[in-house]
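Chains as they are written, first to last, in this note's numbering: chain A, 1 to 317; chain B, 1001 to 1110.
Since the hints were derived computationally from the structure, they do not count as laboratory data.
Treat the hints loosely; a few may be bogus.
Between beta-carbon pairs, the in silico distance windows are [claimed, not checked]:
1) 214(A) to 1041(B): 46 to 54 Å
2) 15(A) to 1022(B): 21 to 29 Å
3) 10(A) to 1023(B): 28 to 36 Å
4) 1031(B) to 57(A): 15 to 23 Å
5) 43(A) to 1022(B): 18 to 26 Å
6) 1073(B) to 174(A): 55 to 63 Å
7) 1008(B) to 266(A): 35 to 43 Å
8) 12(A) to 1019(B): 17 to 25 Å
9) 45(A) to 1019(B): 17 to 25 Å
10) 1035(B) to 70(A): 38 to 46 Å
11) 1108(B) to 96(A): 51 to 59 Å
12) 12(A) to 1020(B): 48 to 56 Å
13) 166(A) to 1068(B): 49 to 57 Å
14) 1031(B) to 102(A): 16 to 24 Å
Predicted model, so just to flag it, every value in this text is computed and none were measured.
Ideal Cβ placement from N, Cα and C applies to all residues, glycine included.
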Amino acid sequence: MGVNKPIKVLWDIPREERFAPGHSMCQGCGAAITMRHLAKIMDKNTIIAMGTGCVEVTTTLFPRTSWRNPWIHLAFENTAAVASGVEAALKALSRKKIIDDSRRIKVVAIAGDGGTFDIGLQSLSGMLERRHNVMYVVYDNEAYMNTGIQRSSATPYGAWTTTTPIGTKLRGKPQPKKDIITIALAHGIPYIATANIAYPVDMVEKFRKAYEVDGPSLVHVYSPCTPGWRIRNEHTIEVARLAVQTGVWVQLEIIEGEPRVTIKVPRRKHVRHYLRIQGRFRHLTDSDIETIQKMVDEYVEKINKWVGEEAIGPVVE
Amino acid sequence: MEKTYKRDFSTWREVPIGGIIPWPGTTAEVETHAWRAYRPVINQDKCIRCRLCWVYCPDAAILEVDEEYTTPSGRKYNISYRVDLAHCKGCGICAYECPVKAIEMIPEER
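Isolated chain B (complex conformation):
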């Protein structure tokens, strides 16, 4: 069905019948970064990889990546957390819920 309907329709005749949306998960293309007034910045050295920011993010904007990281004090982690700045709306839940306060909300400058 995804092949039957083309996405760039110019008239109503090309709109899928019934107004169905045959393209799953396509809101990922929408960038919601303009909603943001504050940007979360993760301090990778302070972060203890507890996963709470990832779990509590409403926009799936905290990404869990398989990336090794060794802190200056010698602690080695197999995963890292990154911020998906295209989708982060800047709600600040991650910074508020972080148990070690490794996430800081800094004002967004445009």
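Same shape as in the complex, but just chain A:
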């Protein structure tokens, strides 16, 4: 079970569904696609620790569950803490010969951006620092979508949310997005990656690598939210793809501190293509868009300097 060979093409993704349909996630939900593919690479013994968030409340409506693995419900703040505890308990049971020590049981912690960037940050930091053998997956829909689109520290600059409304004083979120990858990098963990649902082969391969690594790993997945971002249901993948093509989102893979861009974008699109498709950026004027373009340019320049090559090219069209 699980996936033993590298995922190189679309046909390497296993057909077996380990994430049952019939959950109550929205039509065209990006997180549902993430969870489907994440469940595909997991072994049947894998223990899932799931923090509160959209996926948690929609997949486990009593008396039914979408998961086919041992699964534990957690609050926002203790996802990583409980995942560390489960991993430590497995280690202890293995040492006492209660479970066969040749059995490899991985712990996978899943949380949303609110449960990782804001509320769960201290327990995540503790888990990464103690080097627990846990794979941590963040599905980032850039706000607290489950409770009704409140801003989180993952919300990008200028985005509308219910707590950053559009008026004369405030025009969307005034602060930029928090950089969780750099925070994780500061802990010196073996594997960090950013993934995107529009590039499924790359995403599943990163899940697999993060799953196989011995030690803590973090995968940050970009998963669009149709009601929260005010996009059409069928545009989920389109928005995710545009995020990569405009340079707003960079597909990174950091193995032992060595960064690499997995999806290179030789000719980048202007950021307005990405912003104009989403209703949450509808209020932005042309000068606001130029401000965001400058922020993206700076970010891309930083990434290019960091990876030591021009992975993300100049703006065309």
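Could you slot chain B onto chain A? The hints should help.
Just chain B, lined up with the frame of chain A:
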């Protein structure tokens, strides 16, 4: 554990202790077809079996089946794609992402 707890509990005393759910993958019983306003229809002759609709479906509602199919132009395929109409929520990602536009969203009539 699945045998210990019966699924048709009538009082709270019969609910599994701790509110655990000992029945894995049971949301598959829930039919979410009523969410749908448009229904995807796959044109099997146009379909090139690229697997993109299957990969991008959030509800695993595109089924990949081992079923041989020969198009009128003589092209033979070993697999086919079917729509699981019980779980399809009608988001339209498959029709939008299809590279050959073989999937059409038609209005659902009830």
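Structure-based check of each hint:
Remark: the range hint 46 to 54 Å for residue 214(A) to residue 1041(B) is upheld by a beta-carbon distance near 47 Å. In this structure the hint that residue 15(A) and residue 1022(B) lie 21 to 29 Å apart at CB holds, the actual value being about 27 Å. For residue 10(A) paired with residue 1023(B), a C-beta distance near 32 Å keeps the hint of 28 to 36 Å intact. At roughly 20 Å, the beta carbons of residue 1031(B) and residue 57(A) sit within the given window of 15 to 23 Å.
Residue 43(A) and residue 1022(B) have their C-beta atoms about 20 Å apart, which keeps the hinted 18 to 26 Å range intact. A hinted range of 55 to 63 Å for the beta carbons of residue 1073(B) and residue 174(A) is consistent with their spacing of about 58 Å. Checked against the given bound of 35 to 43 Å, the beta carbons of residue 1008(B) and residue 266(A), roughly 60 Å apart, lie outside it. In this structure, residue 12(A) and residue 1019(B) break the distance hint of 17 to 25 Å, their C-beta atoms being roughly 38 Å apart.
Look at residue 45(A) against residue 1019(B): about 23 Å separates their beta carbons, and that is inside 17 to 25 Å. A beta carbon spacing of about 29 Å between residue 1035(B) and residue 70(A) contradicts the range 38 to 46 Å that was offered as a hint. In this structure the supplied range 51 to 59 Å holds for residue 1108(B) paired with residue 96(A), their Cβ-Cβ distance being about 57 Å. A C-beta distance of roughly 35 Å is found between residue 12(A) and residue 1020(B), which places it outside the suggested range of 48 to 56 Å.
Checked against the given bound of 49 to 57 Å, the beta carbons of residue 166(A) and residue 1068(B), roughly 55 Å apart, stay inside it. For residue 1031(B) and residue 102(A), the Cβ-Cβ distance of about 42 Å falls outside the hinted range of 16 to 24 Å, so the restraint is violated.
In terms of the numbered hints stated before, the structure departs from hints 7, 8, 10, 12 and 14, listed from lowest to highest.
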